[in-house]
Every structure is written in C-alpha cells, then in structure tokens.
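Starting from the known structure of chain S, arrange chains L and C on it as the hints suggest.
Chains as they are written, first to last, in my numbering: chain S, 1 to 83; chain L, 1 to 248; chain C, 1 to 356.
One should not assume that every hint holds.
As the list claims (entries may be wrong) - Distance windows between CB atoms, simulated:
no. : chain 1 : residue 1 : chain 2 : residue 2 : range
1   : S       : D31       : L       : M1        : 44 to 50 Å
2   : L       : H231      : S       : E24       : 27 to 33 Å
3   : S       : D8        : L       : E162      : 35 to 41 Å
4   : S       : D8        : L       : A147      : 38 to 44 Å
No wet-lab data here; the hints were simulated from the structure.
Every residue, glycine too, gets a C-beta built ideally from N, C-alpha and C.
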Amino acid sequence: MSKRWVFDEDRCKGCGLCVQACPEEIILFSDRLNRSGYRMPEITAQDDCISCGFCARVCPDVAIEIYRPDGGRKTENSRDGGR
Amino acid sequence: MKAVYEKPKSLTDVVTHYCPGCTHGVAHRLVAEVIDDLKLEDRAVGIASVGCSVFAYDYFEVDFQQAAHGRAPAVATGIKRVHPDSVVFTYQGDGDLASIGAAEIVHAAMRGENITVVFINNAIYGMTGGQMAPTTLVGQKASTSPAGRDPDHSGSPIRVCEMLSTLPGVAYLARVSCHDARGIMSAKRSIGKAFQTQLDGEGFALVEILSNCPTNWGMSPVESLEWVKEHMVRYYPLGEFCTPGEGE
Amino acid sequence: MSDLQLFKGNEAVGEAAVRAGCRHFFGYPITPQNELPEYMSWRLPEVGGVFLQAESEVAAINMVYGAGGAGAKAMTSSSSPGISLKQEGISFLAGAEIPGVIVNMVRGGPGLGGIQPAQSDYFQATRGGGHGDYRTVVLGPASLQELVDMTYEAFQIADRYRNPVMVVGDGVMGQMMEPVVFPDMAEVTDPPDWATTGKRGRDNFNLINSLYLDPEELWEHNRKLNDKYRQMTEKEVRWETRATDDADFAFVAYGTTARIVQKAVEQMREDGHAVGLVRPQTLWPFPQEPFDELSDRVDGFRTVEMSLGQMVEDVRLAVQGRVPVQFYGTTGGVMPDYRDIISAMEEMMRKVGGRR
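So here's chain S without its partners, still in its complex pose:
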C-alpha cells in the first residue's frame, strides 16, 4: 500500500505544529535534520494514519500531502478530498 502521509523534508522548518495536531499521536519529532538544519517530524505508523489532514492543514510550509486509499476510511474532512 502506498503512503498516506507524504512529507517534503526540504520544505520543513521543524516547527512541530504537525506533531501537535495529529489526533492519532503518530507524528513525532525524529532525530534527523534536513538540509537547512531543522529537526524533522516523522510518521511512526503509516498504517495508523486516518488521512484526516490536520497535520497538512496546520503546516505553514506546505511540507505535507495526505492521501487516502480508494474506498478507504472516510474522515470528517473527506469532503475536501480529491481536488
């Protein structure tokens, strides 16, 4: 299965708002730094992601894109999907 949570690490500034926003608490800070020296978040369990998009919505740097498997679990934001 391809990823629900797609992260563009070069755009990330390590602010941590996605970590705070994740209702499943599966986004955590990693030990890795990106090329700008920012500490990056990582998703600890892709399979547990519910594609709610909260992390992407709060990300000021458009570093996260969210996907949902066709016919996958609907979330309250799914009406915004598929644009």
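Using the frame of chain S, we list chains L and C on its own:
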C-alpha cells in the same frame, strides 16, 4: 490513492522566508486554495504590503504589485478600476492595515471597493523586530512597550472588523483564527466567501486572520498558537460581522 | 486638428490628458488646481473612463501606481502641499518603473504657504522629490497651448521610459484663459505586456515591485534606471531662446515668469539694450546646450523666478562660472513686475557690463 491534501497549484515552489511555525504560511496556502477552487489564477492580481508579507509576490502564481506601506487598498483600487473583471486582493498585516494604512482601508471600505482584503493580525510588527502594533493587546510586551502595552499611554487595541462593520459599503467581514486545524478550515471558508463576494460584485470584503508571531512573542510555535487561542480570541471575537446583502 | 477653443488652464490640462488616452484620474481637492479634477469628474465618464476622488493625495498617487501598473494611462494632480504628500508614491512609481503623469499647479510655501502662484517647488520637482536616486521628466509650460501640448506629450514620455512625468504650472497657468488647439483623440491602447492584468493565459506572472534586498541587485536596478535618466537627458531636453543672437546679457526664466520676462525683453530692446531670454521648457533634464553656446557670447545671465532662488543653481551649474549669474525673485503670490525685472538687469549691466 486519492489526494486529501495537496499543495495548491497557485502556490509557487519557493520555500517561504517566514519563521518556523508562522501562520503566514497557512494563510498563503488558504488564499492559494481559494484561487484554485474558484479558478481565478488567470484573473487574480495580488497586492503585497510592507511587513513580513512583503515577499508574498514570490509565493503566488498570479500577477502581483508590491505596494508602499499601508497603501495596498489604494493600489488595489487603481487596479480594480482599470480591470473590473480582474479579481484583486490585498494581503496586509496589522501594522500596515491598522496603523499607517488606516485611512486607505477605511476609505476603500467606505467606497465599497469591490476588492478582497486578507488581513493578518498577529498583534505585533514582525518584520521590524517586534514593536508595538495598534493591535498589540493591553499588557502585551513588545520591543517598544517593554513593560507591556499601557492603555493610558498608548490606547487600547483597534478591532478592525468591528470598526469597519459600521460602513454601508462593506459586504463581507469576518474574523477567523489559525490556531488549530478547525480554525484553519473555518478561515478557508471565510476567505472563499470573501473572494466570492467580489466575484458577485457585492462590494468590499475583508477577512481578519488572527495569527501568531513565535519569534517576536518569544514563544515556541505551539505555545504561540495557544496564546492566540487564550488571549487574542478573547479580545478579538471570531465570527462574521457582515455578509452580502444585509448592509443595504 | 480641431478648432481653436477658449479654455481655462486647469480644464485644458484635463482635455489634453483625455486626448492623450488618459482614462483614469485620481485626485484630492486643493487650491489652485480644483478645476482639473472637477473637469475630469464629468469628462472621463463621457469617454468610458474613471474619475475617483481619493481620501488623500497619498491614496491618489497610490491609485495611480495601481492603475499605471495595471497598464492604464493614469494621472493625478495637486498643488504644492499635496505634491509633498505624493512624493512617497512618485518614488515608488520610479522604482517600480510605472508610467504616470503628475500635475503640480505650484502655490507658495513652505507649509501651507498661500494659494497664490509660485515657483518654489523647483528643487522638489527636479531633484526627484522623494527618497532614492531617481528623476522625473519635468515639463514647464509658459502658455496654455504649451500646457496642452506638454500634458499630451507627458503621457508619451511616461510610457516611453516607464517613468513618472511631472507637469509644473502655477496658479496663473491653472486659472487663466487662452485660446488653444487640442490634439486629435489618441486611441486607447491595450495594456503593455508587463502590466498586472491577471495572467489571462500567460505562462508567467507579472510583478510590479521596487524591492531589491540583495545590494548587488539593487545596484543593478539603479544602474538600469540611471541609463534611462541618461537617455532622457539626451532625448527629452527642451528649451527656447528669444532675441539671444546678438544679446550682451540674457535672462533665464520658465513658466509664467518667462511671460513677464518676455515683456521686459521687448521693452529693453525698444530702449536699445541687447538682451535676450533663455527659457527652459524641461526643468529636468535641464538644458545645458544654450548655456554652452551663450556663455562665450554674453556678459552675464540674470535668472528670474517666483522663488528665492532655485533654478538659478542649475543655471550656475550650466554656466560653470564662465560669466556672472545673478538672481532676481519674488515669493508666492507676488508676481514679478517687468519694470523691477528691467531695473535688476540694468543694475547687472552697470556692474558687469563692458567687461569684454
């Protein structure tokens, strides 16, 4: 896989100059999403103001003019009066709009200028290093109010939406907040309405977005959003102040 | 060409602008130029244009910035205190390379000064006026026909260089009536390809901007602007000379004052004095050539202005010390009397004359 959330087409690939956690980036993305949703990329003309958002023109895939400090509504007026079929929006901070540009915003609103204003209120001058803004809260420390804003000395902060809501030319006025995902969704809806108001020729539309400034507030990004929620929303109540049709 | 028509100066500016293709005017009331925005308020809607009374001179010039950036031939007008307020926008027009026409019907200063005619904004007009290294072409008409022709041309010059152009008159120019012939109505052209019209199918987006944070880029930008100013200096400079061929002394004057000096020259010629007049028509670029030519032939220049001595500095720079340059002037509202001008010249002739 279906996309739930992708980078809007109307944003360039340029990584913004904003500090980590600054919600300017969120507001940019919401404006770009609305431009995409309403298919405005060929008609939109933005006006960047002076302050942190001065480089807005680097981040949107639409025509832009950079304006002198506070003058964005006058510049927008000039553009809109030349090309009434274009969709003209300004993107202004609180120093720009509520202080040096107070006359321009009031009179653009008074004329019912058919433009859309995206107003970022983060209660401080960000670009110049954290000086007191007209929107700085009472007691809030800033580099030019080191003991906290004293209302006896500097007055009390301006509530822009409430002030403009008395003007008959105003068609849409809303205050939203970017402090959490739910607030961001609501902000998107309001920005969408503010652009739709212009498309419908209803008149002046403004969305005030309560935002953060972790750097100059001396807070972490997470703490700063908590501060928006706890302090700013209390003084600057959220909601719609005018909707098209009701001000006639 | 149309027929001769009797027009008031301020209204003649308005009609000339309309003929030049101007369809957007933004202004704010101030004496003595009010007839111009008043004229535009009914005339522009007749030709499908827009007149808008702004909340201030600051807003008006920034509306010109927006409209000019969007590709329109846009204009604003004011008088001295209002022109001071417009300087921010004029600097931005120059920096962002937006064409625009600004009319200043000069009144006495400093501060509120007075509402009577003056020429005391010469420094402000010819030195850029606002912040930064920039210039505007400054046209100084001395008759209503010239006011009409220069207003018309101001739009062409502004478009040619993507730079603001200023037309400098005064209360006399604005209020007096003279017969004029207007140029034919120019076609309103499509916005240029750099204008912020919305992309409308373009692949790239257009940007109107004067911010260059990288010092090297700013230098590059200023070099580019400076090349334009050099071209303006070569191609746009204009002047007129009267009775200078055999002159021993020459007056220098522009605008309304030049009309009075013309009278003084005629009178002095009748009295047997070999005097002439150099009349700069562009105040910037300032004409160097007539001073190079005359400095070898005349014994001195007498500059006459309705100020306490502003253009005289440019005359001295142009003459470069080759012959004496003296000044005679009055301030706002006090029109120089031609007899006083004659006396001033006679005094100079007595002191300097016979040198050769």
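Structure versus earlier hints - violations, ascending order: 1
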